Structure formats: C-alpha cells, structure tokens
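4 protein chains.
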Amino acid sequence: MQEGGPIKVGVLGATGTVGQRFITLLSAHPWFILHALGASPRSANKPYTTAVNWKQTTRIPHVARDMVVKECKPEHFKECAVVFSGLDADVAGEIEGAFRAADLAVFSNAKNFRRDPNVPLIVPLVNPSHYAMISQQQVQHSPPLKKGFIVTNANCSTTGCVIPLAALEKSFGPIESLLVTTMQAISGAGYPGISSMDILDNVVPYISGEEEKMEWEMLKILGGVATSDEGVKSFDMHARNPLRVSASCNRVPVIDGHTECVSIRFAKRPPPSPQQVREALANFTTDAQTLGCPSAPRHTISVHEEKDRPQPRLDRYYQDGAGVSVGRIRQCQVLDIKFVVLANNVSIGAATSSIINAELAILKGIITS
Amino acid sequence: MQEGGPIKVGVLGATGTVGQRFITLLSAHPWFILHALGASPRSANKPYTTAVNWKQTTRIPHVARDMVVKECKPEHFKECAVVFSGLDADVAGEIEGAFRAADLAVFSNAKNFRRDPNVPLIVPLVNPSHYAMISQQQVQHSPPLKKGFIVTNANCSTTGCVIPLAALEKSFGPIESLLVTTMQAISGAGYPGISSMDILDNVVPYISGEEEKMEWEMLKILGGVATSDEGVKSFDMHARNPLRVSASCNRVPVIDGHTECVSIRFAKRPPPSPQQVREALANFTTDAQTLGCPSAPRHTISVHEEKDRPQPRLDRYYQDGAGVSVGRIRQCQVLDIKFVVLANNVSIGAATSSIINAELAILKGIITS
Amino acid sequence: MQEGGPIKVGVLGATGTVGQRFITLLSAHPWFILHALGASPRSANKPYTTAVNWKQTTRIPHVARDMVVKECKPEHFKECAVVFSGLDADVAGEIEGAFRAADLAVFSNAKNFRRDPNVPLIVPLVNPSHYAMISQQQVQHSPPLKKGFIVTNANCSTTGCVIPLAALEKSFGPIESLLVTTMQAISGAGYPGISSMDILDNVVPYISGEEEKMEWEMLKILGGVATSDEGVKSFDMHARNPLRVSASCNRVPVIDGHTECVSIRFAKRPPPSPQQVREALANFTTDAQTLGCPSAPRHTISVHEEKDRPQPRLDRYYQDGAGVSVGRIRQCQVLDIKFVVLANNVSIGAATSSIINAELAILKGIITS
Amino acid sequence: MQEGGPIKVGVLGATGTVGQRFITLLSAHPWFILHALGASPRSANKPYTTAVNWKQTTRIPHVARDMVVKECKPEHFKECAVVFSGLDADVAGEIEGAFRAADLAVFSNAKNFRRDPNVPLIVPLVNPSHYAMISQQQVQHSPPLKKGFIVTNANCSTTGCVIPLAALEKSFGPIESLLVTTMQAISGAGYPGISSMDILDNVVPYISGEEEKMEWEMLKILGGVATSDEGVKSFDMHARNPLRVSASCNRVPVIDGHTECVSIRFAKRPPPSPQQVREALANFTTDAQTLGCPSAPRHTISVHEEKDRPQPRLDRYYQDGAGVSVGRIRQCQVLDIKFVVLANNVSIGAATSSIINAELAILKGIITS
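Protein chains in written order, with our numbering: chain A, 1 to 369; chain B, 1 to 369; chain C, 1 to 369; chain D, 1 to 369.
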C-alpha cells in the first residue's frame, strides 16, 4: 500500500517497557521502519544495546541494536512521519507537546493529554471516528499545525473492558451501569514497577489513579463527538445516555494480561439474553479490520464456551495479543449480564493500540508521507 | 469454665487440610482435648504421624502424633462431646448423618447439610441466634435425638463477606443488593487441590459451585428464623427484605486469604456515608465475644485507613486469622458503597468457625458434658 | 526432501502434556502429517477436542481438532512411519513394546526403555551416533524386526546439561567429575503434576528418581558404543574415562525451563580457561543441524555475556525452545569450571528432541517411507 | 538476669526491612527495651508510624508506634547499651564507625566491617569465641575505646550454610572442599529489592557480590583466632586446614527462607557416613544455648528424615526462625556427603543473629550496663 516505500517512525521512551514492545513490533512491521529512538539524557548517545535493559523474551531486533539513542528532542525526529511515545507521565506532557508543536504526529501511551478536549483518546477497535477531532486540534493550536497532532490511547485496564462494551452498545444500544473489578498484571506498572515483596503470594487491592481513569476514560471513548451550532466539536462523554461506571482495581501476581469481571445493565428493557450477548461479541467487527490495518486482529473478540476461561496465562496471546477474550457470559442477579474479559495489557492495552491507531491515521489520510 | 475437666472432642477427616488445621487449633485449646481422629479406611489403624501428609508450618502437635487414626464410625467417637468434621463433600453426607443419628454433636465444614431446612448454617460472628433451630432438628429426627445435631459453617468465601454485611445491617438496616467479586486463595481448594500448572502466573475466573453457594448461603445466614402459627421454625432467607446477591468467583495465586471486592446498596435512603460505614464496621461486636468464646477474635473487624490494604499476605493473620479486615471503604458509582474484605479462609473461613460454633453451643447450654 | 509426500505419524498419549506439545509441533511440521492419535480407553473414540483438556497457549491445531482418538493399539497406527510416545511410565513399557513388536518405529519420552542395553537413549544434539545400535535391536528381537525399533530421549533435566557437556568433551576431551544442582520447572511433572500448595512461595528439594536418572543417563549418552570381538555392540557408559556425576534436583515455581548450576572437572590438565569454554560452547555445531533436520536449532548454544543470564522466563524460547542457553561461565574454586545452563524442558527436553530424533532417523535412512 | 532493669537498645535503619524485624523482635525481648530509633534525615523527627512503610505480618509494636525517629547520630543513642544496625551498606560504614568512636557497642548486619581485621564476624551459633578480638579492637582504636566496638553478623546465605558445617567440623574435623548452590528468597534483597517482573515465573542465577561473600566469610567464621608471638591476634581464615569454597547463588520466587544444596569433602579419610552426619547435626549444641541466650534456639538443627524436606514455606518458622533445618543427607558421587539446608534469612540470617550476638556479649561480660 505504501508506494513511497517504508514510513519512517520514531519511538520516545525507547528503553522503557512500552518502548521495548514498540521496537519489537515495529521491527517486523510491513509499513514502518524504525528511524529514531529517543530516551532520557542518561541513555542518549549510546547504542541501543548498551542503553537498554532488555526484558523481552525475544532478542533485541537487529534493526535497533546499533541505533544510537537520542534525546527526546523534535530535531532528531523530524524525518519521522509517526512518533510513538512510551514516555512516563512525569515527562510525557512536556515532550509530547513539544513534538506536536514541531508539527509531528504523536501517538502516546501516557495519560497526560487524555483529558485534553481536543485530543482524541482512541481505542482503535472502538472509536476511530474520534479522528474527526484532529483538524480542530490542529487549527486551534497556536500557531496552527499542518501535520502535527497528538492521539492518545487508553489506560490498559480501560482498553480491555471497552472493546466488548462497544460491541454490545453497537448491538443493543446504550449501557446504563457498569461495575468492573479488575485483576491486573504486574507488567502494567512498568519496570521495575511492583516490588516482588508486594505481590508474591498476594493481591494489592489498589492501583493509584486507576479507578478514576477507568471511570472517566470509558465515557470519553464510548461517547460521541458533538458539534455545536458554531461548528465547535467536543467529546460528549456518553451524555445522551448517561453511563455510571464503578471500578475496583487490583494487582495480582500475573505477568501479562488483565482479567476483569464485568457486570452491566442495559438501557434496553428487556435486556438481551446471555446468548444474544455471546453472539454480538463473537460477531463484532471493527473499522480497523475492514479498512485493512495490518496490526488489527483478524478476529476481535474470542468468546469462550469453556466454563473456566479466559485465563491470562493461556489466552493473552490470542491474535498476538491484539484481540480480547470474553467468557462466562451469564445473568447477573443485580444488573443484567456479567462476564469475564481478558486483554493483553502490553499489546492491545498499550503498544499495539498505538500502532493500529497510526495505521488508521494513514488509511484515513490524516498522515501523509 | 469447665468444671468437669476438659471436653473430649473428635475430628473427622483428620488427615485432610481442614483436619490438620483443626488438630493444630485444638491441641492448644483451653477447653477441648483431642480424643479421637477419624479418616478414610486407608489411614485407619495407623498412628497419625504415619497416616498424615502434614502440610502445616508448625509441627504435628504432640497430643496427636501417636494417636491411632480410626475409621469414621460413630462407635469410635461415642465419648466425644463434640465432633468436628473436615470431611470432603463426597463422603460427608453419609458419615455426618450417621454420627448425628448416633446422638453425637457434629460441627461440619462440608456443604452437604447446609441447605437442610433444619440445619443451621452458622457463621459464629454473625448468626448464633440460629441455634434456635437445634431443638426442632432433634425432635424431627427419627428417632428423636437427645444430644445429637449437625451445625454447618459457611463456605469460606461466604464467611468473609457476610461478617461486615452483618455489621452493616445491624447499624443501617437491610441491604438490598450486593455485587461481590472474589480473589480466592488456593488453600480453599484443599490438597492437592489446584494444579500449579493452572495457577502460577494466572487467574482462574471460575470455581465450581462457588457463586451459587455464596448467593444462597448469604440469604440463609443473614436472614432470620421465622416461626409459623403451628410453631414450626424455618429460615426466612432474608425474605422480609429481599436481598439480591451476584457473585463472581476467581482463584488467584495466593496461599491463604480470600480478598473480596464488595459493592452494596442499602434499603435505607439516603444510605450511610463511607465514614458511617467505617465506624459501624470498626465498632462491631459479636455474641461470640461477649459470651466469652475463647477462640473468638477480641476485635472482629479491622478497618484499614491505608489506601492499599487489606492484603492477604500481610493481613491474613489478624487475630490469628479469626478476625476480618476491611479497607478502601468508599462510594460506589452504581450502588451505594464499595469496599474490600479480607478473611483467612482456613481460619475464620473454616476450622476456627467450627470451633467457635462449638464454644457457642457449650456456652448456650446446647451441649452439656 | 520427501519425494513420497508427507510422512504419516502418530502420537501416543495424545491428550497428555507431552502429547499436546507433539501435536502443536507436528501440525506445522514440513515433513510429517498427523495420522493417528492414541490415548487411554477413557478418551478413545472421542474427537480430540472433546477428549483433551487443552493447556497450551495456542489453540488446538485444526488438523487435530476432529481426529477421533484411538486406543493405543498397533493396529490403529500401522500406516504410521513414525510413532511418537508421550505415554506415562506406568503404561509406556507395555504399549511401546507392543508397537515395536508390530514393526513400528517408536520415539519415546518415557523412562521405561532407557536402560535397555539395545535401546539408544538419544539426545539429538549430542549422540545421534548411537543409532548404530538399531540394527542389533532389530536382529535380537524375537522375532527379528524389519522396521520396528524404539529410540528414547532423555529425561528433561539430563538433556539440558548434556548438550554443553558434549560440546566441551568435543573440544577438550573427557570430563572427569560433574556436580549439578537443578532448579526445575513445574511443567516437567506433567498435569496436574505438582499441587500449587506445594510450590507457591516454595522450593521442593526433591524429585522422585530424578537424581538417579541424571547420574545414569549422562553416562549412557556421553559414552560411546563399543563392539566386542564377537561383533556385539554395547553402550560403554563413558567407561574409558570414568565420569562421576552428582546431581541435586529441586522443583521451583517456574512454569517452563530448567535452570541448572553445573561445576565440572576435566581430565585434561591444565583445564581450559573460562574463555576457551565460552568459545567452545558458542561454536558447537551438531549433526542434526548439518544433516538438515528441520526442527534442529540453527544455533545450538547461546552463550550469554550478561552477568545475570540465562533466566527461564526470558531465555526459554531461544530457538523456539530447541536450543540451550549457557551463562556465568567462570572458574570453580573446587572443580575447574562452573556455569549455568537453561533448557526448555517441554521443547528440547521432551517433544522437540523426539521429533529431531525421528528426523535424524529419516535422514540416516533408518526409517524409509 | 538483668538486675539493673531492662537494657536500653537502639536500632539504626529502623524503617528498613531489617530494622522492622529488629523492632518486632525487640518489642517482646525479656532483657532489652527499645530506646531510640534512627533512620535517614527524610524520616527523622517523624513518629515511627508515619516514617515507616510497615511490611510485617504483625502490627507495629505499641512501644515503637509513637517513638520519634532520629537521625543516625551518636548523641541520640548515648544511653543505649546496645545499638543494632540494619543500615544499608552505602551509609553503614560511616555511621557505624562514628557510633563506635562514640564508645557505643554496635551489632551490624551490613557488610562494611566484615573484612576488618579487628572486627569479628560472628554467627552466634558458630563462633562466639571470636569475641576474643574485641579487646584488641578497642585498644587499637584511636583513641582507645572503653566500651565501644563493632560486631558484624554474616551474610544471610553464609549463615545458613555455616551452622551445619560448624557442627560437622566439631564432630569430624576439618572440611576440605565445599560446593554450595543457593536458592535465595527475595526478602534477602530488602524492599523494594527485586522487581516482580524479574522473579515471577523465573530464577535469577546471579546475586551481586553474594558468591564472593559466601566464599570469603565462611573462612573467617569457621577459622580460628591466632595469636602471634608479639601477642597480636588475627583471624586465621581456616588456614591450618585450607578450605576451598565454591558458591553459586540464585534468586528464586520465595518470600522468606534460603534453601542451599551443599556438597562437602572432609579431610578425614574415610569420611563419616550419612548416618554419622545425621547424628552429629541433630546433636549439635551451641554456647548461645548453654550460656542461656534467650533468643537462641532451644534446638539448633532440625534433621529431617522426610525425603522432600526442608522446604522454605513449611520449615522457615522452625524455632521462630532461629534454628536451621537440614535434610536429604546422602552420599555425594563427587565429594563425600551432600545435603540440603534451609535457614530463615530474615531471622537467624539477619536480625535474630545480631540479637543473640548482643545477648552473648552481655553474658560474656563484654557489655556491662
């Protein structure tokens, strides 16, 4: 599809956990070619192999081994049509802002811009329609931008949950209430992240800021884009059909894969049956797939009939981590329906989402080489 | 308190996980003295040390080491004023029934008699008032019993949840809806129980029969005992204020201690505030304590102010496992209040409950030496 | 290479842990095609999907899903040029013997025939020369066999250790003493195998029969095949240069990948330096590779320079589990050299070894379609 | 025994892992009373409850809750007859030196002074005779000290191993060679210590500096104190019977308890049999016990006959963690005898050793109130 040859991309936060995942995925990508790696001044000017404490189960890709890591400054990335950011929140705001100001297209995993009213928060299997906000983001920037913008993806625990919810709203209309209890993998906290003393033989029933993120992000993602009479666009936060979300977030001794127990109440009465829910989930297709994003899962939601699935260790590799797994779909005694979702927090929950978002931006013509 | 000297007690299923716990606790009990141990025919006639595959972190108590294990037949236990049963469900029904028929007082951990309309399901920190059913159980037995009866305790995941709920209903009146997601320890499945291949780096979002047990047992425990015009007693299953319970049960790689995320809606409007809930839980006292049960916790519920507690590894030993810990009490966006409960499934969730139940029966005069 | 089209193969013990691994690997094999699956009478006559409790992280291969499982009787496998056995030791002896008697070529993972004086115990990256014993095995069988034989592979903990040892003996001559302490993964015990109650937050310093197996099997594998004056072949058990082996075997809470701390003393004085050892290991090539076995690792031993590698979670996928990783090569204060080996017990330690053994047998002309 | 009432003690590094353990043990000590707590300037002047991130399974002892933490300066500890140090190595050298210079008696867990030729490295169940060095340490100090001194205890992995070795040397004379492979608990690395990403489902075959420590410390501890013709004392490093030690150190996913596989060769020919070794270990008594140290284990070494013990999860609480457990005593094919040792690294491997060392110093009259 790329007549002009491979598209040059950069990675910010290249030595971190999400950065390593970006590099692994991009090294085998059909469209993209790694062009620049950015990290902290401590790592700058070192070959990537020296700078990184590599923690993946595959070797460092050859393309990256000898690349010299640079500081996260726009001048080192100006040839990159796409910049992926795995930066930590404490530096992401400033750096990503500077990159956008330098007219670069930034796909961020950090939380800093997620609540920005002009920045879409896109889960690529759910709301690529929110790309409609990009032109306003560019125009309202001072000075206005031609190519630069920021797109964020969601918190890893939000992503897993929101995909089946989108499928259900598509089939059955608005969801009214949602109770979700998560059991989240340690990799979601980065490296070194969680001390082993805190999680071996243990559960930690708290993740800082996580519940607030889930409760807020779902509204932005599942909501629409409204246009005022003056033509100003805004995210409607699911306002036409208010959605109440209550999240309880836990850390468990699992390496990869967030498991979530979800109970929902539909606006529609009577609500769909478990069997109808099962079918709606199994048949869910996404724009990412139909438009032809190479990193999109061929099948989005794996619906398990086995009574004890999905399980993170067995199911987190479904569709190379780009799909989600749902099981135990049954009636809830308090709301309508309950089920278990499993999503790979380091794939669809992080780097894979950013990459599909970039693929979508290219296919939609928002990024042009 | 025991003028007549120590009370002889027996343990059925003495070589199993719960049986080992009974023996550990009873060997240091101020009232009880181990008199007879029962196990399967395979173990019978062996010294306990030979018969058991001991898996506790303390040594086999001296009193038990050389006791000869017997078959689970009433004639071997006729001197026992109390018989504790840690039998598996596949044999518990028949054996416990035979023991009762032989006029023995049986305190069971098995599920077999929990749904029997004449058998109380007693969590000793919640519903000792259900002992009121014993006389009817004895009279309706054929032939009627003088001393024999069966009391069961609850499933380990039910026990942890129902204690704070009882405290809240005592302070604020009926609860109307309850959503609970459990993260249960592997010891709840006995030994060998869960294969390590199934739980290392994993969560299993299913425990056979567990959700049904929780949803049903809570109603029996939190409900009252009704008396018909004909004087017939029955468990009212919380019927005067119907309670809807929805449970999602998960197994996690934790050795001991069930963690549960609970959301509730009160009948009372407006509902109590988080701070009122905190105080009600912290101040909860039980009959077991005021009557002077030696195994009752001195303080029932530990209310944590730390934002990341309770945690199973750190909090499961609270009150030697006889108390429960509650934390993260906060508002729920969908129901009223949510919080996290931790209970030690092998202590208050199993053997300790049975022992306090027996202590209560003695203090109430239901068992007489 | 296969002019006659794909080679039909069967799997015995198809529903077990090793059997599932065989099926996964064989479903994508360039030469072999799954033709028959055998399991216990309990599973027989069921579709594989129904019979198996699938525990792999990939889905059941399509080729196997609807195959009807058969009893492990030779008549169901007579079209199979190769039969792979993942049978448990309690039944493997009888069944594998019957298959050989029916003139079938059996590649076994079980221990039953490993000590048979006519059965080679082949680690494919070490001693394919032991195929020289096959003709004698066939001739001495009663009645003599035309095509049938049994080849076993080694115990999983032996396999990892013996590969670097073979490399070192090839470069520096005989090893005289060997002390090895293993830290073995739970998957080595099959399913359900180790109870989670035994291994979470624990080490079990004992594996039944394992130390004896390691101490004996290494001698058979690293030794040669001697021929008497009468032309009778026998395994010499490293007798010309006696090798003393002392093994201490431990189970640790790791899912896949056996880590072994090895100390050795060479016969050669002075012994090679750590750097010479490093080079010898890194440069080791095998017949399996040069002959063109499709499942042989392209590179046999990965020598790590990082001071804290190999680690099972990060390195067990090296060469899809067909290679081994060695690190921390340094002087031993008591013997000569010490190092750490990591081998994937379910790949090169089990199914992959059998498959390469079969590939070798085909390339050497021992099996002809 | 203390006529003058309780002995005032201080704890340096009071908020750290070892400090928390000191406080837990000292709060229930029959002789000692907590008088001063020292920590970093960041924690100074805060109540202990506020300063500490408490990670023990018991609550913060009442005696410590409201104590105000001080900076680690001698003037705050001058009333303390004993100062226990759980300081990290990066600050321990300077602070402990300053405390000694202020004529305070310091019992250190840090490595800084272990190699000092005048500082004894005392494992209290092994070499209290090394207290003979204290007078020289005081005299050679500039200016000479009246009461101040430093005693260190050993690295946690050394301690477990050296106790059975001392028992064996006592019975059978010098050991000549020792190969030890450790499987060490995560708590040995402090908090936060090991990242969960590094150890879940994993083994790390490297602990920085650990092998060198074990190989060197054993010589100092098991060696004697020599006196030159000029009356100068020195540690002889086991020189009369040179001892070669080779250690391989691994981190495993275990919370507490270091497991070690040990092989030894005695100087004595023929060597003792496994049964003789078993008896020598079981009968080992120590000065700490006979002198009446209240924290000494009543029985030093638990010899296991079960074939699969000791195990860290089950045996680390033996004698409240003050004793060690040995099992699997058998012949080694390369050296003479091999066995498995388990020691609780946070008890006898750290705080408990320091406390018994202080008790010994009091009983020997080296510390006087």
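Bear in mind the hints are in silico, worked out from the structure with no lab data behind them. In this text, all values refer to a predicted model and were calculated from it rather than measured experimentally. Check each hint, because a few of them may be wrong.
No distinction is drawn between identical chains; accordingly, a pair holds when it is met within one copy or between any pair of copies.
Only pairs whose alpha carbons sit at most 25 Å apart, straight line, appear in this in silico DSS-like list of lysine-lysine [unchecked claim]:
hint: 1; residue 1: Lys268; residue 2: Lys55
hint: 2; residue 1: Lys147; residue 2: Lys46
hint: 3; residue 1: Lys46; residue 2: Lys233
hint: 4; residue 1: Lys46; residue 2: Lys307
hint: 5; residue 1: Lys111; residue 2: Lys307
hint: 6; residue 1: Lys307; residue 2: Lys55
hint: 7; residue 1: Lys8; residue 2: Lys268
hint: 8; residue 1: Lys364; residue 2: Lys70
hint: 9; residue 1: Lys146; residue 2: Lys8
hint: 10; residue 1: Lys111; residue 2: Lys70
hint: 11; residue 1: Lys78; residue 2: Lys55
hint: 12; residue 1: Lys233; residue 2: Lys8
Now the hints, each set against the structure:
With identical chains, the CA atoms of Lys268 and Lys55 are never at most 25 Å apart, being 47 Å at best within one copy and 39 Å at best between copies. Taking the shortest alpha-carbon separations for Lys147 and Lys46, neither the intra-copy value of 30 Å nor the inter-copy value of 53 Å comes in at or below 25 Å. For a Cα distance limit of 25 Å, the shortest separation of Lys46 from Lys233 qualifies neither inside one copy, at 44 Å, nor across copies, at 51 Å. Taking the closest pair of Cα atoms, Lys46 and Lys307 come within 25 Å of each other only across two copies (20 Å); inside a single copy the shortest separation is 50 Å, beyond that limit.
Taking identical chains as interchangeable, the C-alpha atoms of Lys111 and Lys307 lie at most 25 Å apart only when they sit on different chains, with a minimum of 22 Å there against 35 Å within one chain. In this assembly of identical chains, the alpha carbons of Lys307 and Lys55 lie at most 25 Å apart only when taken from different copies (14 Å versus 34 Å within one copy). Proximity of Lys8 and Lys268 under a CA criterion of 25 Å is satisfied in neither setting, with 47 Å inside one chain copy and 55 Å between copies. For a Cα distance limit of 25 Å, the shortest separation of Lys364 from Lys70 qualifies neither inside one copy, at 30 Å, nor across copies, at 53 Å.
Taking CA atoms no more than 25 Å apart as the test, Lys146 paired with Lys8 passes inside one copy only; the shortest distance there is 18 Å, against 62 Å between copies. Taking the shortest alpha-carbon separations for Lys111 and Lys70, only the intra-copy value of 23 Å comes in at or below 25 Å, while the best inter-copy value is 39 Å. Taking identical chains as interchangeable, the C-alpha atoms of Lys78 and Lys55 are never at most 25 Å apart, the minima being 29 Å within one chain and 47 Å between chains. In this homomeric assembly, Lys233 and Lys8 never come within 25 Å of each other (Cα to Cα): the closest approach is 31 Å inside a single copy and 64 Å across copies.
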